[in-house]
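Protein chains in written order, with this note's numbering: chain A, 1 to 288; chain B, 1 to 325; chain C, 1 to 308.
Calculated directly from the structure, the hints in this document are not laboratory data. Please note that the accuracy of each hint is not assured.
Now the in silico label distances, taken between C-beta atoms and shown as ranges [said to hold, decoys possible]: (1) V184(A) with L216(C): 30 to 36 Å; (2) I133(C) with P72(A): 30 to 36 Å; (3) L172(A) with T184(B): 27 to 33 Å; (4) E41(B) with R195(A): 39 to 45 Å; (5) K175(A) with E257(B): 39 to 45 Å; (6) V82(C) with V207(A): 47 to 53 Å; (7) F244(B) with L293(C): 54 to 60 Å; (8) I133(C) with P58(B): 21 to 27 Å; (9) V207(A) with C219(C): 39 to 45 Å; (10) V207(A) with G173(B): 56 to 62 Å; (11) P58(B) with L13(C): 26 to 32 Å.
Glycine included, every Cβ here is placed at the ideal spot set by N, Cα and C.
Take a look at the letters that make up each chain.
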Amino acid sequence: MESVAVGVLEPRRRFGRVPWLPLVLLAPLVVFGIGGKHVAPHAVTAFNLDATLQPPVFMHGGAWTHLLGSDPLGRDTFSLLIVGARTSLIISVVGVALAGAVGVLVGVAAGSRRGALDEALMRIVDMQLAVPPILLAVLLAGALGGGLRTVIATIAVAFWPTYARIVRGETLALKQRDFVQLAVVAGSGQVRIARKHLLPNLLSSIVVVGTLQLGAAVGVESALSFLGLGVQAPNTSWGLMISDGKGYLDTAWWVATFPGVAIAMTVLGANLLGDWLRDELDPTTRDR
Amino acid sequence: MTLLEVENLTTRIATRGGAFNAVDGVSFALDRGEALGLVGESGSGKSMTCLSLVRLLPKRAAQIVDGSVRLDGQDLTALPERSLRRLRGSEIAMILQDPLLSLNPVFTIGSQVAEAVRLERPRPRRDEVRARTIAELARVHIPSPEQRLGSYPFQFSGGMRQRVAAAISIARGPKLLIADEPTTALDVTTQRQFLDLLTELRREDEMALLLVTHDLALVRETCDRVAIMYAGRIVEHGPVGRVFDAPSHPYTRALLESIPSLTGARRARLTQIAGEPPDMHELPVGCRFAPRCPFADERGRASYPPSFAVPGGGEAACWLQGDRG
Amino acid sequence: MLRYLSIRVALGLVAVLGVTMITFVGERTAGSPVYLMVAPTSTQADIETMRHKLGLDRPLVVQYGIFLRNAAQGDFGTSLKVGVPATQLVRERVGATVELAGAAFLLSLLVGVSLGVVAATFRGTIVDRTASIVGLVGQAMPGFWVGIMLILIFAVKLRWAPVAGRGGISHLVLPAVTLSWFSTAAFLRLTRSAMLDVLESDYVKLARLKGVPEWLVVCKHALRNTLVTVTTYAGLTIATLLGGAVIVETIFAWPGIGFMLTSALYTHDYPVIQAGVVLTSVAFVVCSLVVDLLYGVLDPRIRHGAYR
Chain A
1 MESVAVGVLE PRRRFGRVPW LPLVLLAPLV VFGIGGKHVA PHAVTAFNLD ATLQPPVFMH
61 GGAWTHLLGS DPLGRDTFSL LIVGARTSLI ISVVGVALAG AVGVLVGVAA GSRRGALDEA
121 LMRIVDMQLA VPPILLAVLL AGALGGGLRT VIATIAVAFW PTYARIVRGE TLALKQRDFV
181 QLAVVAGSGQ VRIARKHLLP NLLSSIVVVG TLQLGAAVGV ESALSFLGLG VQAPNTSWGL
241 MISDGKGYLD TAWWVATFPG VAIAMTVLGA NLLGDWLRDE LDPTTRDR
Chain B
1 MTLLEVENLT TRIATRGGAF NAVDGVSFAL DRGEALGLVG ESGSGKSMTC LSLVRLLPKR
61 AAQIVDGSVR LDGQDLTALP ERSLRRLRGS EIAMILQDPL LSLNPVFTIG SQVAEAVRLE
121 RPRPRRDEVR ARTIAELARV HIPSPEQRLG SYPFQFSGGM RQRVAAAISI ARGPKLLIAD
181 EPTTALDVTT QRQFLDLLTE LRREDEMALL LVTHDLALVR ETCDRVAIMY AGRIVEHGPV
241 GRVFDAPSHP YTRALLESIP SLTGARRARL TQIAGEPPDM HELPVGCRFA PRCPFADERG
301 RASYPPSFAV PGGGEAACWL QGDRG
Chain C
1 MLRYLSIRVA LGLVAVLGVT MITFVGERTA GSPVYLMVAP TSTQADIETM RHKLGLDRPL
61 VVQYGIFLRN AAQGDFGTSL KVGVPATQLV RERVGATVEL AGAAFLLSLL VGVSLGVVAA
121 TFRGTIVDRT ASIVGLVGQA MPGFWVGIML ILIFAVKLRW APVAGRGGIS HLVLPAVTLS
181 WFSTAAFLRL TRSAMLDVLE SDYVKLARLK GVPEWLVVCK HALRNTLVTV TTYAGLTIAT
241 LLGGAVIVET IFAWPGIGFM LTSALYTHDY PVIQAGVVLT SVAFVVCSLV VDLLYGVLDP
301 RIRHGAYR
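The shape of chain A in the complex, shown without the other chains (with noise of 0.2 Å):
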């Protein structure tokens, strides 16, 4: 029976300057992720022959209908973007989600539990950390054939220990802390423990790992799908348009140079918010 409430390390910071530029990148992602199809202008399907290769509205020859141009196929690059979008959204959402789990409950584990069970799970992450990321990727997909769920899963395998090390680490310092070390002495079961103590404190590092991660599994898919190794189709993704467009680089240049543009503002704009989440929620991190 313990009647510690429940230990919040510092009394919640009030979220200062909010930060515009991550968001600014990241809303296209999550509108067209979200609206899909829905929301573009053409149906990814449509072949149309006639219009084929068109430039985008800003050059010469370009046309209010193509924004951004057309493909090979005649299909609106705008559209594609848009469906990729959702693509990469998924992806690397659910990707990372499970990466998460599984990671999160490997680290909490490990850290409170330590022995030859913290060893043991250490020894695996090890192992894969040894391995670089991409390639193991490229492997596992090799693999496994391509396909929208196997990358899901390349990604949750290649991200889980990334996880599990930082929550172990975050792990082993809270069970340091007082409010922890009185809830053991209350008498507290271990899982007790960890959901009402630790994981609330946790969830900061998590969120921030998390917001990092994405963007990572953004750029992780759209190599694969890049390779032929990912995403498929009839399915579209910004790393299949490159590839697409990579053999009309002379002609048709916006193919393959828009879905770039669309990755790294999407990875820099997870990177800006995962720094600007970690300046916020962890104070003893200094800002450069």
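On the provided structure of chain A, position chains B and C as indicated by the hints.
For chains B and C alone, coordinates are given in the frame of chain A:
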């Protein structure tokens, strides 16, 4: 002979909560060969004063906004950086608090001392540098200095590290040595040894010493005069003997009373100064010690007292002293 | 120190083993190369014969055992697609990858660290802000896209460099710059951050107090200590570069291990895949160890076992 004359030194620092004067109109003087103790709690501004003297303030966060610092008549605050740099090490030197942090961990102590020696003008020859380095280490009583040249700081004890730091600082025979809490990171016995070393070195070169510390007992042993700092200002100063025997300012008195005494009554309680130092962003109008002062009256709370002379030497910034005098 | 290193070697070997195991199982269960190797008109019996010939009908564990035994002797089997021993393919292509990765590493190290030092020394000025922005944006841009953009600008539009393939310096420039992109940005941010920390340290303060000229303070005292931190990251960079090489080689048709690996993945050419995977993993482990050794050289505290 006056070596150092600090007049109305004011240093402003910028923090997340706002800007304030960490050093707020500080004035004192130091004669050649004299030792002055600068005493105060954490946050009183004593470290900032030291950094202001050598102008090594964190560039973006702090700035000297008023006052002057005259070394042998020359105003250091007005000098261009290049000229000031020439004075550092050769005329003014400083030792920092933790020698484990102030000695570069990846270079040998021999090379770090030698670097100081090599900065001497005219530049010494290579063989001279080595000989000088060994000599300087011997001067601070490092045993077998020749063998220790290739050692790294982490291989030394705390006391020896601080000696090495001292050797580096005085290698070029500066006229003034500023020691910012040099013994705080050392144990009691080593503290004593180090202060003895400082006194010995001073005597050899007629070097003036500005000893900054929160420990009054050390000041009594080592210094000729003492200045007490509180909330960015000097509240009392005078000859060590007088200040310790007849403290004038209530803060000084409280500090002295809080030192545990081996000779006092057996069951006397350890006195503490009630309250806390003021928030520098929201200083009280009037005397800054008034909120904690047992003798505070309306005058103290209303306006900051001027400095009144104290019989026996020195001054105290307290209305009550004005009454007595 | 020696003990620490041996543990690391052991861990590395286990990691390599693990990777090969995963790849092995994954490959076998995913697609079968048999279908790619037989004529479309083959009967089921023909397919079975082919499978038996390749040893693919034996139990997985047995296959793995055979693989390990052969691998220990340096034999990774014969490429299912090209018909030459996998090791030979690897040997032919290793040089290309080393050339590319080496160039990219040097480039990112020199450019990234220099920019980081400059940014830290001139903190707060326009130089610093620009460098930081470049670093941030650089890390956000996907490497393969950067490569394609570089091709677009320099090869297609300006015709300053060839589009693909390996050859002289002009062929190396674009792929090396592409591969080094992410690492340069990372080095920049890391060096800047580490240098700022060092510049605020007490020993830098003491050096200034001694009267050491500012440029010497930066180049000798600050830099040396910053390099210690940077070296750790250098090890990680090898990993990123090895992974990135796979993609960059594919874009530029650079005849290295990465290209070989991706081609092999498409065709499920097991022996080649395994050879490539093992080689890359081993290379990575070796590089990490070298970095650890370097770390010991730069920081005398590690050499003398000051850290438990």
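(message) Quick check on a hinted range of 30 to 36 Å for I133(C) and P72(A), using CB atoms only.
(response) Because 35 Å falls inside the window, the suggested range holds.
(request) Just tell me: holds or violated, for the beta carbon distance of V207(A) and C219(C) against 39 to 45 Å? (result) Taking Cβ atoms as reference, V207(A) and C219(C) lie about 40 Å apart, which means the hint holds.
(message) Within 54 to 60 Å: is that where the Cβ-Cβ distance between F244(B) and L293(C) falls?
(response) Since the Cβ atoms of F244(B) and L293(C) sit about 58 Å apart, the hinted range of 54 to 60 Å holds.
(message) The hint says 47 to 53 Å between V82(C) and V207(A); measuring C-beta to C-beta, is that right?
(response) holds (49 Å)
(message) Taking the Cβ atom of P58(B) and the Cβ atom of L13(C), is their distance within the range 26 to 32 Å?
(response) violated (48 Å)
(request) Could you tell me whether the CB distance from L172(A) to T184(B) stays inside 27 to 33 Å? (result) holds (31 Å)
(request) Return holds or violated for the Cβ distance of K175(A) and E257(B) against the range 39 to 45 Å. (result) The hinted range 39 to 45 Å holds for K175(A) and E257(B), with Cβ atoms some 42 Å apart.
(request) Indicate whether the distance between the beta carbons of V207(A) and G173(B) respects the range 56 to 62 Å. (result) Since the Cβ atoms of V207(A) and G173(B) sit about 58 Å apart, the hinted range of 56 to 62 Å holds.
(request) Using the beta carbons of I133(C) and P58(B), state whether their distance is inside 21 to 27 Å or not. (result) With Cβ atoms ~24 Å apart, the hint holds.
(request) With 30 to 36 Å as the target window, see if V184(A) and L216(C) comply at their CB atoms. (result) violated (54 Å)
(message) For the hint 39 to 45 Å, verify it against the beta carbon of E41(B) and that of R195(A).
(response) holds (44 Å)
The structure shown violates the earlier hints numbered 1, 11.
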